[in-house]
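J.: Build out the structure end to end from the sequences listed, making use of the hints.
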Amino acid sequence: MVTAVKEKTVAHNDLDPALIVRAYRVMLLARATEDKLASLYRAGMIKGGVFLGKGQEALSTASSIFLKKGDIFGPLIRDQAGRLAFGDTVLDTLRTYLGSAQGPMRGRDGNIHRGRPRDGYYAMISHLGALVPVVAGGLYARRLRGETGVVGVTSIGDGGTSTGAFHEGINMAAVEHLPLVVVVANNQYAYSTPNNRQFACADLLDKAAGYGIAGFKCDGTDPMACLETLRLAVQAAREGNGPQLVVATLLRLVGHGEHDDAGYVDAALRKANVGRDCLEVGARQLIAADLATADNISQWTKEAQAEVETALNKAQREKGPNPNAEDWQAISTEHLVDGHYDAEEE
Amino acid sequence: MSVTYLEAIRAAQEKALTDDPRVFIYGQDVGAFGGAFKATKNLAAEFPGRVMDAPLSEDAIVGLAVGAAIEGARPIVEMQFADFSTVGFNQIVNQAATLYYRTDVPCPIVVRLPSGGTLGAGPFHSQSMEAIYSHYPGLVVMTPATVEDAYSMMLEAVSIDDPVIFCEHKLLYYHLKADKLPDVAQPAGKARIARAGRDATLVTYSAMLHESLQAAEDLVEEGWQIEVIDLRTVKPLDTDTVLASVARTGRLLVVGEAWPWGGVTAEVISRVATEGFGLLDAAPMRLNAKDTPVPYHPDLWAAHRPTATTVAARLRQLLTQ
Chain A
479 MVTAVKEKTV AHNDLDPALI VRAYRVMLLA RATEDKLASL YRAGMIKGGV
529 FLGKGQEALS TASSIFLKKG DIFGPLIRDQ AGRLAFGDTV LDTLRTYLGS
579 AQGPMRGRDG NIHRGRPRDG YYAMISHLGA LVPVVAGGLY ARRLRGETGV
629 VGVTSIGDGG TSTGAFHEGI NMAAVEHLPL VVVVANNQYA YSTPNNRQFA
679 CADLLDKAAG YGIAGFKCDG TDPMACLETL RLAVQAAREG NGPQLVVATL
729 LRLVGHGEHD DAGYVDAALR KANVGRDCLE VGARQLIAAD LATADNISQW
779 TKEAQAEVET ALNKAQREKG PNPNAEDWQA ISTEHLVDGH YDAEEE
Chain B
9 MSVTYLEAIR AAQEKALTDD PRVFIYGQDV GAFGGAFKAT KNLAAEFPGR
59 VMDAPLSEDA IVGLAVGAAI EGARPIVEMQ FADFSTVGFN QIVNQAATLY
109 YRTDVPCPIV VRLPSGGTLG AGPFHSQSME AIYSHYPGLV VMTPATVEDA
159 YSMMLEAVSI DDPVIFCEHK LLYYHLKADK LPDVAQPAGK ARIARAGRDA
209 TLVTYSAMLH ESLQAAEDLV EEGWQIEVID LRTVKPLDTD TVLASVARTG
259 RLLVVGEAWP WGGVTAEVIS RVATEGFGLL DAAPMRLNAK DTPVPYHPDL
309 WAAHRPTATT VAARLRQLLT Q
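The listed protein sequences correspond, in order, to chains A and B. Taking our numbering, the leading residue of the first sequence gets 479, the next gets one more, and so forth. Taking our numbering, the leading residue of the second sequence gets 9, the next gets one more, and so forth.
FYI, nobody ran anything at the bench for these hints, they're computed from the structure. Be aware that one or more of the hints could be misleading.
[Claimed, not checked] In the DMTMM-like style, the derived pairs of lysine to aspartate or glutamate whose C-alpha atoms are separated by at most 25 Å in a straight line are:
| no. | chain 1 | residue 1 | chain 2 | residue 2 |
| --- | --- | --- | --- | --- |
| 1 | A | K797 | B | D112 |
| 2 | A | K792 | B | D112 |
| 3 | B | K198 | A | D805 |
[To be verified] Computed footprint of chain B on chain A; a stretch qualifies when at least three of its residues, placed anywhere within it, have a C-beta under 8 Å from a C-beta of chain B:
| no. | stretch |
| --- | --- |
| 4 | 576-589 |
| 5 | 594-601 |
| 6 | 615-623 |
| 7 | 648-660 |
| 8 | 807-819 |
[Claimed, not checked] A few chain A positions that, by computed beta-carbon distances, are all more than 12 Å from chain B:
| no. | residue |
| --- | --- |
| 9 | M523 |
| 10 | K547 |
| 11 | T641 |
| 12 | H645 |
| 13 | A678 |
| 14 | Q713 |
| 15 | R716 |
| 16 | G718 |
| 17 | N719 |
| 18 | V752 |
| 19 | Q783 |
| 20 | A789 |
Predicted model, so just to flag it, every value in this text is computed and none were measured. Ideal placement from N, C-alpha and C gives every residue a C-beta, glycine not left out.
T.: Printed below as a string of structure tokens:
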């Protein structure tokens with residue numbers, strides 16, 4: 479079963495207007511956060527790399543906005559918006575990038591490798607596809623405990639669909655009939671590698687049929703279409719219809735990381751529909767649907783920027799981790815810690 | 009009435025499933041079929057929905073276990089052969105092993121690795137993977153050599169909050185027997201003196217314990233008393249017990265079935281050389297498998313791995329240098 483949601487120029491009847499506005503404001507907040515991260519990076523104030531999701535905010539927001547408390551979200555690189563929609567904060571984002579010991583990763587991991595697994599917000603590792611079976615496993619455990627109606631969403635890019643973990647994870651989720659939604663952001667390039675060097679099928683959505691799962695496709699630059707598509711996919715998973723594959727077409731409007739000028743991106747793509755900025759499309763949609771005025775959007779943008787500034791002021795004042803106060807233990811079971819290396823240093 | 013090493017592993021899993029509703033088993037052919045070696049025989053029927061066949065996807069199997077552990081479950085996953093855990097390697101070393109350090113959320117999974125060489129098993133059903141997993145921070149690596157340890161260490165592996173790589177030796181599955189399962193568990197993490205002696209310390213683990221004990225017995229006629237230490241877990245590695253023994257004997261041989269480059273035997277010698285150099289009366293020695301894939305033909309295999317004969321020969325070298 480493949481469902482294509484056509485581009486929406488007005489609000490879909492089944493979408494709650496308040497949810498549409500909330501989604502758009504999350505997109506604005508994500509953009510404001512990432513704009514700030516980019517300028518901090520250029521100023522040399524970030525420890526390590528910066529990986530942004532500019533152009534993917536609509537899809538990313540839609541990925542998690544239909545999730546409830548108790549659901550599972552396993553975001554990936556370009557999911558700043560989806561993270562915020564699931565409950566992550568600008569403060570924790572900046573803490574992680576700036577190396578504050580008070581962030582969820584306590585300086586032990588950085589940037590996009592953050593999460594709060596106890597809250598269902600899983601922390602990605604860098605190996606793409608690896609989160610697909612992990613989110614499936616979380617759902618499997620919930621089902622074993624007798625919980626129903628739980629949904630897990632995880633993201634992947636066009637490059638990640640080529641990994642073994644993606645294949646193994648989706649196939650296993652299909653065999654187990656788990657309520658897993660996998661959202662593929664086909665942003666045309668995996669770092670610099672274009673689609674035609676990544677896969678040979680006509681459409682990534684064709685994979686859904688191969689796994690025996692439902693598939694949806696949408697225009698990732700169209701916020702309303704993204705919301706409607708994910709609403710359907712999450713609902714289908716929640717109702718017990720097994721894994722759902724969503725493939726959205728869009729363009730990453732930044733480099734792979736801020737170190738990358740993305741000079742390899744075909745100029746024609748930037749000018750095409752796929753190269754639209756979803757925030758601009760969303761503004762037009764909100765105004766056309768009478769959900770906001772241009773002034774509203776301008777005001778929301780300022781509020782988002784102010785929230786980022788407030789969080790930045792706080793995060794910048796926080797201390798980094800103290801190497802001397804670390805326990806330097808990678809396991810929790812005291813009597814099974816190999817103390818030899820500590821003894822060697824003393 | 010006796011119990012084999014394999015039956016002990018099965019019994020421990022049965023007890024874990026009985027005692028703790030959070031425990032489940034996931035792996036290829038582990039369900040109604042009972043596992044390639046029958047380590048989960050009848051468990052699927054006894055615990056409906058908790059002992060499940062998995063697709064042929066080691067990465068996904070371990071990944072599922074990690075996700076389930078995050079949600080509070082205690083999965084035991086079976087790699088059909090230790091060799092195939094390379095396909096799940098990324099999930100083991102990068103996902104499971106880093107979770108607690110990165111997020112403060114523990115990862116209580118057990119990955120069972122049917123390990124080591126058996127007759128005619130060849131390059132891809134014979135490997136010993138303990139060294140490569142020990143290299144990664146965040147994993148506990150157990151290598152039981154006795155029926156009692158197979159049972160009690162499996163129970164401990166399930167009960168602790170950290171990921172455990174459980175290296176169970178296939179050669180011991182059917183032949184190694186004990187009168188009964190142990191009532192009292194010896195905790196993991198501590199080595200055991202399997203045979204006391206005064207002339208040399210022989211440190212080993214897993215199936216090589218039995219070759220080593222035979223070699224020690226063979227040297228009695230020649231007047232040598234060899235102390236044999238069973239490491240039991242290779243990570244953590246109980247350096248104290250090894251050093252205390254070397255302090256008594258002055259000589260050290262370390263025997264392992266794995267490949268020679270790096271590994272457990274090298275680690276033991278490194279620790280003794282750095283911390284106990286003054287205790288040694290002779291250069292420490294080690295004996296491993298040869299540095300080739302594990303060969304198929306029984307004659308080649310017998311020469312590839314250490315045996316009681318080659319261990320005894322190496323001991324004679326150590327004792328007379």
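J.: Hints first: check each against the structure and report whether it holds.
T.: Status of the hints after comparison with the structure:
1. A:K797 x B:D112: holds (19 Å)
2. A:K792 x B:D112: Within the cut-off at roughly 23 Å; holds.
3. B:K198 x A:D805: holds (22 Å)
4. 576-589: Per the Cβ count (5), the hint holds.
5. 594-601: Satisfied; 5 residues make the cut.
6. 615-623: n = 8 at 8 Å, threshold three: holds.
7. 648-660: holds (count 3)
8. 807-819: holds (count 11)
9. M523: Consistent with the label, M523 of chain A stays out of reach of chain B, its closest Cβ about 23 Å off (over 12 Å).
10. K547: holds (14 Å)
11. T641: violated (9 Å)
12. H645: violated (8 Å)
13. A678: Holds, since 22 Å exceeds 12 Å.
14. Q713: holds (22 Å)
15. R716: holds (17 Å)
16. G718: About 16 Å separates G718 of chain A from the closest Cβ of chain B, which puts it past 12 Å; holds.
17. N719: Label holds. Min Cβ-Cβ 20 Å, cutoff 12 Å.
18. V752: Answer for V752 of chain A: holds, closest chain B Cβ roughly 32 Å.
19. Q783: Its Cβ never comes within 12 Å of chain B, the nearest being 30 Å, so this holds.
20. A789: holds (21 Å)
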